[in-house]
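Visitor: Single-letter residue listing:
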Amino acid sequence: MELGAAEWSAVFLSLKVATWATVLSLPLAIWVAYALARKRFWGHSFLNAVVHLPLVLPPVVTGYVLLILFGRTGAVGKALESVFGIVIAFQWTGAVLAAAIMAFPLMVRAIRLAIEAVDPKLEQAALTLGVRPSLVFATITLPLILPGILAGMVLSFAKAIGEFGATITFVSNIPGRTQTIPSAIYSALQTPGQERAAMILVLISAAIAISALLVSEGLSRRIGQRIAGQ
Amino acid sequence: MTIKVQIHHHWDGFSLNAAFESPRGITAIFGRSGSGKTSIINAISGIFTPDHAKISIDQTDLVNTQAGINIPIHNRGVGYIFQHARLFPHLSVMNNLRYSAKYGRRKSHRFDPTEIIDLLGIEHILDRRPAALSGGEQQRVAIARALLSDPKILLMDEPLSALDAQRKAEILPFLERIRDNIRIPILYVSHSMSEVARLANHIVILDAGKVVASGDARQILADPALVPYLGVRSAGSSILTTLKAHDDDGLTRLATSSGNLYLPTIRGTVGQQVRVRILAQDVTIALTRPSDISALNILPCVVGDIHMGEGPGAIVSLRSGDDVFLARITRRSVQHLGLAIGKKCHAVIKSVSVSPTEIG
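As given, the protein sequences belong to chains Y and V, one line each in that order. Residues 1 to 230 in this note's numbering are what the first sequence lists, from first letter to last. Residues 1 to 360 in this note's numbering are what the second sequence lists, from first letter to last.
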């Protein structure tokens, strides 16, 4: 392999960023998906629109908004720094935030579809058996939507691996610190003689995406069979 | 244990105004589809909260909109058997049955799981998944699951309507066993007169959101004035008899309060009580006891009441000892025979009319 230390660190950073972005946004995604699928409340359409915004906005815009809010002089960024001493702009943690937000709509969508496929009558039946709503969710809804959750996580992971526009706008493209696979490919393409390195990075990202898909397919099938009782 | 129900709710173009009490045993809520039956038991379970309601079990309010009381579904202690079994597809039958004991709030275990499993005949399918069960088996598991949640009362929303005739016949004996062996009040929603006549101790008739009649099942079924609500074809009374003998020619002799009934052989032991149902359309009236006639079952009786229908038909109730039969005849016959309240006559009952599935 003709990859330098910077390229390898981009691969590991991408895996790290995508994993954290997926894991951290999962509980919120389940909660939002459940609210959108099952609850009728004031601001339902507004929440739906906000969740889907990153899907329709140019990624650069999302990155810019993040920079305004979470930059060291931004409202949230300033507060985070003065209260907790945390700075996320131009850090790998910022890349996690950018990736999580960009992937969030995909994850919510997959989970919401799964929740909508669960018959609310089953949950009703569980309630009449004297089980409180939170436990009904944990013991009936959650196991039944597991394939959807898995699909959402894979989509989110793949999106996070490929996220470029918002990430480069918010945390820049600092080798070894905020340079993910797409930024590294971009840099390599800007530098004469680096075409081969770019090609290898392209192949690596394709391999990651395909194996994630295969793993999730296999897991979904097994969970699906377990649920159907075959 | 008495359940008191008062419900007022208004939808666009329909309002439900129902008040009734349900004593022990099975109370059937009977009415056409769209008469508000399911809304009533949904309100009792807490799935639906009416505009105004006061529903209580003994002295405890489940919902009292005036006092601002509305106990959540899972705290009501009300078991519910739905039209479809609603078993949890990801759990085995055993784990469906254990679900309430494992996660539920009610822990008193009034019922022994092995006894309930035995009562419903599901011991051979405990390891299976719901998807691998027949409709009848699923519904039996659902009944066992509800009983094992230790409910104070049990609601059943047309639990047999999704099943074919064979499966219905398979479940009915289990419902009778629950009625007779387990002391738990059951509210049974149905639009099938034959189920209601077979199971109910008490009947509430609902029509267009209003309670038309509520009372003891045998009285309600024997009231000619209620026939339009019960359906002319399925109207008929239900009487209690004692099994006297199995004759050699394949007939079983049942004693009523005023004479014997002969039926094609039915299962049962001599001395056992047997509830039979006699449809109004299977009873004809004769002023003198007919002798040259193939019908075996002829009982002397007295005209109790006459209800003239809007068409050419009439329903006559006939008192025979302590029992009451209904006869569906024409208005012309009423005039021709000069039938009037108190007149003596004979009820001719076609013996084929009492089918074994309606004996229990």
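Everything labelled a hint here was simulated from the structure, so no lab data went into it. Treat the hints with care, as some may be off.
Here are the simulated BS3-like pairs of lysine-lysine, each with C-alpha atoms no more than 27 Å apart in a straight line [to be verified]:
{"id": "1", "chain 1": "V", "residue 1": "LYS152", "chain 2": "V", "residue 2": "LYS168"}
{"id": "2", "chain 1": "V", "residue 1": "LYS244", "chain 2": "V", "residue 2": "LYS152"}
{"id": "3", "chain 1": "V", "residue 1": "LYS54", "chain 2": "Y", "residue 2": "LYS121"}
{"id": "4", "chain 1": "V", "residue 1": "LYS168", "chain 2": "Y", "residue 2": "LYS121"}
{"id": "5", "chain 1": "V", "residue 1": "LYS152", "chain 2": "Y", "residue 2": "LYS121"}
Simulated coverage check for chain Y against chain V, where a stretch passes if three residues somewhere in it have a Cβ under 8 Å from a Cβ of chain V [stated by the list, open to error]:
{"id": "6", "region": "110–124"}
{"id": "7", "region": "139–149"}
Among chain Y residues calculated to face chain V with C-beta under 8 Å, some are [stated by the list, open to error]:
{"id": "8", "residue": "VAL56"}
{"id": "9", "residue": "GLY130"}
{"id": "10", "residue": "LEU135"}
{"id": "11", "residue": "ARG196"}
{"id": "12", "residue": "VAL215"}
By construction, the Cβ of each residue, glycine as well, lies at the ideal position given by its N, Cα and C atoms.
Visitor: Indicate, hint by hint, whether the structure satisfies it.
Guide: Checked hints:
1. LYS152(V) x LYS168(V): holds, 25 Å
2. LYS244(V) x LYS152(V): It is violated: about 38 Å lies between the C-alpha atoms, which goes past 27 Å.
3. LYS54(V) x LYS121(Y): Answer holds: LYS54(V) to LYS121(Y) is near 25 Å, not above 27 Å.
4. LYS168(V) x LYS121(Y): OK: LYS168(V) and LYS121(Y) at ~23 Å, within 27 Å.
5. LYS152(V) x LYS121(Y): OK: LYS152(V) and LYS121(Y) at ~21 Å, within 27 Å.
6. 110–124: Three-residue rule met by the region 110–124 of chain Y, so holds; n is 4.
7. 139–149: Our answer is that it holds, as 4 residues pass the Cβ test (under 8 Å) against chain V, meeting three.
8. VAL56: Status violated, d = 36 Å.
9. GLY130: holds, 4 Å
10. LEU135: Holds: closest Cβ of chain V sits about 5 Å from LEU135(Y), inside 8 Å.
11. ARG196: violated, 50 Å
12. VAL215: Violated, about 22 Å.
The structure fails hints 2, 8, 11 and 12 (numbered hints given earlier, in ascending order).
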